[in-house]
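Trainee: Given the coordinates of chain A, work out where chain B should sit on it, guided by the hints.
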Amino acid sequence: MNTAAATETTRPMRRLDPAAIGGIMSREVANFRTFWKSTTFSSVLEPVVYLLAFGLGLGATVVDDVDGMEYVQFVGTGMVATAVIFSSALPAMFGTFVKHRFQRTYDAILAAPVDVEELVTAEMLWIALRSGFYGSFPLIVTMAFGLDPSWGMLLVPFFAFVTALGFAGFGIAVAATVAKIDQFSYVTTLFVTPLFLVAGTFFPIDQLPQGLQVAAQFNPLHQLVELVRHACFGFEATDLLRIGALMVFALVLWRVAVARLEKRLID
Amino acid sequence: MPAIELRRVVKRFGEITAVDHLDLDVPKGICLGLLGPNGAGKSTTMRLLTGQAIADEGDLRVLGHELPGESKEARAKMGVVPQLDNLDVDVTVEDNLAVFARLYRVRDVRAAVDRSLALARLTDRRKDAVDKLSGGMRRRLLLARGLVHSPKLLLLDEPTVGLDPQIRTELWTLIDGLRGEGATILMSTHYIEEAQRLADEVAVMAHGKVIARGRPSELILEHAGRETAEVYGPPARLAEVRAKAAAQGLAVRPAGPAVAIVGSEKATDGAVPEDAVRRAASLEDVFVLLTGEEAE
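Protein chains in written order, with the numbering used here: chain A, 1 to 267; chain B, 268 to 563.
No false leads were slipped in.
SDA-like, lysine to any residue: derived pairs with alpha carbons at most 25 Å apart:
#1 B:K394 x A:F32
#2 B:K295 x B:G481
#3 A:K263 x B:F280
#4 A:K37 x A:L52
#5 B:K476 x A:I266
#6 B:K399 x B:R435
#7 B:K394 x A:V29
Away from chain A, derived, C-beta distances all over 12 Å, residues of chain B:
#8 G325
#9 D431
#10 P502
#11 G516
#12 G537
Read the hints as simulated data drawn from the structure, not as lab findings. If you're wondering where the values come from, they're calculated on a predicted model, not measured in any experiment. By construction, the Cβ of each residue, glycine as well, lies at the ideal position given by its N, Cα and C atoms.
Extracted from the complex, chain A is given alone in its bound form (with noise of 0.2 Å):
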């Protein structure tokens, strides 16, 4: 409490004040120090786990190939849009919830020059980044596996970090919304077990029943799973209207994240 305050604080306010934004970022990366080895090592062993299943065991018994593909590398290329889905939707729902309701770190937060908006927007953009990160790990992992590299899958990282804006989003909405963490159970349930099983990881979509291929090309993950796809095997022009609606999807999961979120926070 001595007079250099008027000259530390001095920078003007602004919506979406990247100092704010970036504040609150080095805190989740303060935190994410403490525990990258966990998250490293199940990121890398998961994939694992499911291609020796899927990929070998069915693969070897039961499915030869897929749409010219050999199943351990279509199971490889779809567990792109898994390991999304389940680092961004997932830690954006607990930890919101944890850190709302249990730390109390958005009341610290808040008290600084730092609104919603740009406390959610950080927090999207990190889930998703580490989500980008991470999220590329099983097509390194299929690599092993036998997929060929192609110059297609240096943009995996970004259609993975797009799709997890979303799914950040979408969690973090939900986390402002339901009343008891075990609640996270019925979203769990209805909504992302769905998603992930009739996103094109385990089985082409066109084996499905008319109504479900329709519904599955509203599935955020399915045009991922499409993408990755097709970054290792060849683009198609239609690539476009898909990464185009990944960033609609994104944009408006911010918007109602940010809306939830400030009725939840700001009494």
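Mentor: Showing chain B alone in chain A's frame:
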């Protein structure tokens, strides 16, 4: 211009009016204690000042900034020490401070962290995770976090609630030091001793309003007189003493196992028994008389 100006501020939660046409000025350079029982509206007032609650009616101005429109500008210049510990427990002491230095747009983060660590006497624990600190250290760190950007105004929301007496005294010493440097502090508390020891002025809140305000000595003289007499005995005797004192228009309040006759210097006709323990009137007498609540 006062550091804080609240005019006819109202905040409702459904049927409950938490803050009810509150008028409050906090001049620069003083420590104002907002004293009141639980549910008096102290914490809601604090949340209104930090933009975490929006008033339904009235005008709020903090350090010259209108709220809620210029809330971010106001928050950049104020520090907040919350009632509940919301530190990041797995993160180091210095990282906790550095994050908030960035949120407050401090230019030299390192210098700000060093200064705050020194103030909280935690320099030698800077690399430790917060969950390795004692309760007192964590409280000091919370205070340091609120001061990391050298704010012009400090809001302390029940700063020592739930702490043991030793930690409370430690924290009081730190706050007293800030007050001595001329800091502007608004401190909500329901501890009488805390208000009496730290506050230049006390505003007593009840039912969302300030019902009395002044220097502790002025409030005592105005509302409780010079002397209080405490009478001990079995319930029947206490009832008799209470009735006699009340008949003379004296204020009587429960005081643990005793009854306290407030303003006992005005008593006549044996309203104060000879075995009564006479003591100087206190802020606690004022608080209980005005709010009808037992003091802590």
